[in-house]
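So you can see what is in the structure, the chains are spelled out below.
Number of protein chains: 2
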Amino acid sequence: MNNDIFVSRRKKLAEYMHKNEISLVIVEDFEGRRNSNLRYLCGHPTDAILGIFNDGTSVLVPWDEILAKKMAFSETVVPLNKFGRQSHRAISEIVSMGNFPKKAVIDLPPTTTVPAFEKLKNFLGDYTLQCKEDSSEKYVHGLRHIKSDEELSVMRKAAAITDEIVSSLEKKLTARELSTESDVALFIEKECRKLGCDGTSFDTLVAGPERSFAIHAFPGYTNGAFGSPGLSILDFGVNYGGYASDVTVTVARDLNFQQESRLNLVLQAYDLALAQYLPGQPAKNAASVVDELFAKHNLTMPHGLGHSIGLDVHDGLRVTPTSEVIFEKGMVFSLEPGLYDEKIGGCRYENDVLITEDGNEVLTKTRVVRL
Amino acid sequence: MNNDIFVSRRKKLAEYMHKNEISLVIVEDFEGRRNSNLRYLCGHPTDAILGIFNDGTSVLVPWDEILAKKMAFSETVVPLNKFGRQSHRAISEIVSMGNFPKKAVIDLPPTTTVPAFEKLKNFLGDYTLQCKEDSSEKYVHGLRHIKSDEELSVMRKAAAITDEIVSSLEKKLTARELSTESDVALFIEKECRKLGCDGTSFDTLVAGPERSFAIHAFPGYTNGAFGSPGLSILDFGVNYGGYASDVTVTVARDLNFQQESRLNLVLQAYDLALAQYLPGQPAKNAASVVDELFAKHNLTMPHGLGHSIGLDVHDGLRVTPTSEVIFEKGMVFSLEPGLYDEKIGGCRYENDVLITEDGNEVLTKTRVVRL
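First to last, the sequence lines map onto chains R and E. Sequential numbering from 1 applies to the first sequence in my numbering. Sequential numbering from 1 applies to the second sequence in my numbering.
In case anyone wonders, no lab produced these hints; they're calculated from the structure. Worth double-checking, as some hints may not be accurate.
[Unchecked claim] Simulated coverage check for chain R against chain E, where a stretch passes if three residues somewhere in it have a Cβ under 8 angstroms from a Cβ of chain E:
#	stretch
1	162 to 168
2	194 to 204
3	220 to 231
4	250 to 264
[As the list claims (entries may be wrong)] So these bits of chain R aren't anywhere near chain E, every CB distance computed over 12 angstroms:
#	residue
5	215
6	275
7	330
8	346
9	358
10	370
Note that CB positions come from ideal geometry on N, CA and C, so glycine has one too.
Turn these sequences into a full structure, and let the hints guide you.
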């Protein structure tokens, strides 16, 4: 991403700030409070505070100054060390750089905790501190939900790498060259870095038939056998150029009638839902057709049908029966129906779907691997 | 861990609650807000809400009910799905199970965000909602800082596995069988699971001489060469039975004079600091001797000297020049001096140190691997 992109994104935010009479927006990303708006607005990937003034200029306070030099674009950079690595001191300094009038509105991240907010109030009592869900953070998230062509070309590349890994995996699994959950997970880690990714986009889940009944098996993978008779789950994604992919490959071997029926039901649910991933359609419709199908068989799905994908693998929006999201052109969502049973095992089938002008485009190519 | 441990921990918390007139404590662990107090108090590893009443009994609201059956001990278990996966509805239900009088004090996690707190106030206006840093969460963290013999035996096992991996790594590196950062990282992932771990305790950092100048190279490892001439950093830990280890192995090859001096200075800092890891000693003393040594050479360390280790790899306490921690018997801290320079490269040396009755015991055995 070149610097113009960050300038243009911050300009949009500045317009929002003017409209809402906000003088300063604070973005924070630290362990336990990750926030990809940081990367979206200045390119810095992790561990920093970013202050954005209402002319679109910014101050970046990174933990790692050298990393900032390499990856970030901000008019001003001050290392966090200067403030004894204390957020409230760094934020106070950013505020003082702005020379704001009394009562100026400072919009803090909605992830600010109650104790942190109280502490900031002590330091910044002259200003109007704002911390709410409907804020600039949500506005920036809204920008992130609609992917630009440049972002989509990165996401298509992430999807293509994912597909390439799935193809290699299918070959290796068929040739019995990967025999444990751990083999499969580490093969993915290695391949994705070889193909230019920063890593996987979340902890890879590889669960053989013994453990596939869990939505997210704990731990993510073990040294146990994979590809044995029954239903297996392999859920992974890559992080390429900051953007995530997310697929679940269903691995099936010597299925009994019940297992085969479950798998077919999940595939049927996928097809029904995909036909609802259309611009202008409420996301809840897709979730409802799946729930209704499963309900006919007295089954329920213990998780959502999908989530938006972008800089984060869970990028903010959800596809559930109560979702208020309306699908729009440029949005990317996972579509991942699944069924789980302690005796039968679990199966899930998942692709990443781009909403287009007149329908959708399935970016990834997951599959049922039959061994 | 058997169930008695969870009962006894919750009893201790109940005593604290009585003393502080708290009727209910809420613990939450979700994506973006991880909290190992959940596992400490009931065994459930992830994604759940736990309510503890002032008689020590509890209600667990897990995302994955099957996982709860296998790993958790709580008098009552209600799946989160029952509440549409909405925290505030689950918490309201737990409150209503308590039949508390009006104004009863409900202690919420200090990680509760301002918007979440406001939402809860709407539902639970009759009660006194409390959200502060000095709370039951901090009290439980305090319990966690002093490890019991049972916990130490798990941590010793985690350390032994870590050492075993370091030994294997040294052999493989010396034999030139691992040639990229990715090779090293994936070898660790594979070995730790083979040796019975749930995984690594944090994202493994493997940075060859080209990237070792960064405190935490981004991304954690690439397909680039490892073990080439210069200073390399290899920082990893394992998660065994829920408990973390954390070591940094210094890898050195064909060092020039400047690089050799830096490494020696770091090792000297390590020895000086270790002599300060003693019961009754303020943690800041250890940090100060290191800072003073480096200052004599006009150098500064851009990160803390150490952190407590337990269920989390960063378990809450820090060893810095401004730390107020006093070392106590049963505490475990990392000791990890490091120096970083864009031209010279970076090096860090790190072990996990248990504070004992009359000194300390170094649990892990990191080393300088010379290639």
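A quick look at each hint next to the structure:
1. 162 to 168: Violated, because only 0 residues of the stretch 162 to 168 of chain R bring their Cβ atoms closer than 8 angstroms to Cβ atoms of chain E.
2. 194 to 204: holds (count 4)
3. 220 to 231: holds (count 4)
4. 250 to 264: Answer violated; 0 residues pass the 8 angstroms Cβ test.
5. 215: Its Cβ does come within 12 angstroms of chain E, the nearest being 6 angstroms, so this is violated.
6. 275: 25 angstroms, holds
7. 330: 25 angstroms, holds
8. 346: Given a closest Cβ separation of 10 angstroms, the condition is violated.
9. 358: With a cut-off of 12 angstroms, residue 358(R) remains clear of chain E, as the shortest Cβ separation is near 33 angstroms.
10. 370: With a cut-off of 12 angstroms, residue 370(R) remains clear of chain E, as the shortest Cβ separation is near 26 angstroms.
Checked against the numbered hints given earlier, the structure breaks hints 1, 4, 5, 8 and satisfies all the rest.
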